[in-house]
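K.L.:
Sequence:
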Amino acid sequence: MLKKNSKLRDFARRTTNVEEKQRNCTLRDEIERFTATLRDKEHQMLKRSTEEDCVRESERLRDFIYERE
Numbered sequence: 001m002l003k004k005n006s007k008l009r010d011f012a013r014r015t016t017n018v019e020e021k022q023r024n025c026t027l028r029d030e031i032e033r034f035t036a037t038l039r040d041k042e043h044q045m046l047k048r049s050t051e052e053d054c055v056r057e058s059e060r061l062r063d064f065i066y067e068r069e
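Here the sequence shown stands for residues 1 to 69, numbered as in the UniProt record's numbering.
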């Protein structure tokens, strides 16, 4: 009976480890997707910011040229 309980405990432990590994893989995948999404959003914000800076700079230069004329 003791051996049987020991085998059941070992089986339960292995099953738990497999489930835990699957859960960890799922969490890791979710974290990677979330990180990729954050990187994309950051890139979009930087791009938008750069475009806005370029527009402001070109308007400033245009105004400067008109003032000189």
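The set of hints was computed from the structure by calculation and includes no laboratory data.
There could be a bad hint or two in this list.
What the hints assert, rightly or not - Simulated DEER-style distance windows between Cβ atoms:
1. Arg62 <-> Asp40: 56 to 66 Å
2. Asn17 <-> Arg39: 48 to 58 Å
3. Phe64 <-> Gln44: 51 to 61 Å
4. Lys41 <-> Thr16: 31 to 41 Å
5. Glu32 <-> Asp10: 30 to 40 Å
6. Tyr66 <-> Asp29: 49 to 59 Å
7. Leu61 <-> Arg39: 45 to 55 Å
8. Asn5 <-> Met45: 29 to 39 Å
The C-beta atom is built at its ideal place from N, Cα and C for all residues, glycine as well.
K.L.:
Hints broken by the structure, by number, lowest first?
P.N.:
1, 2, 3, 7, 8
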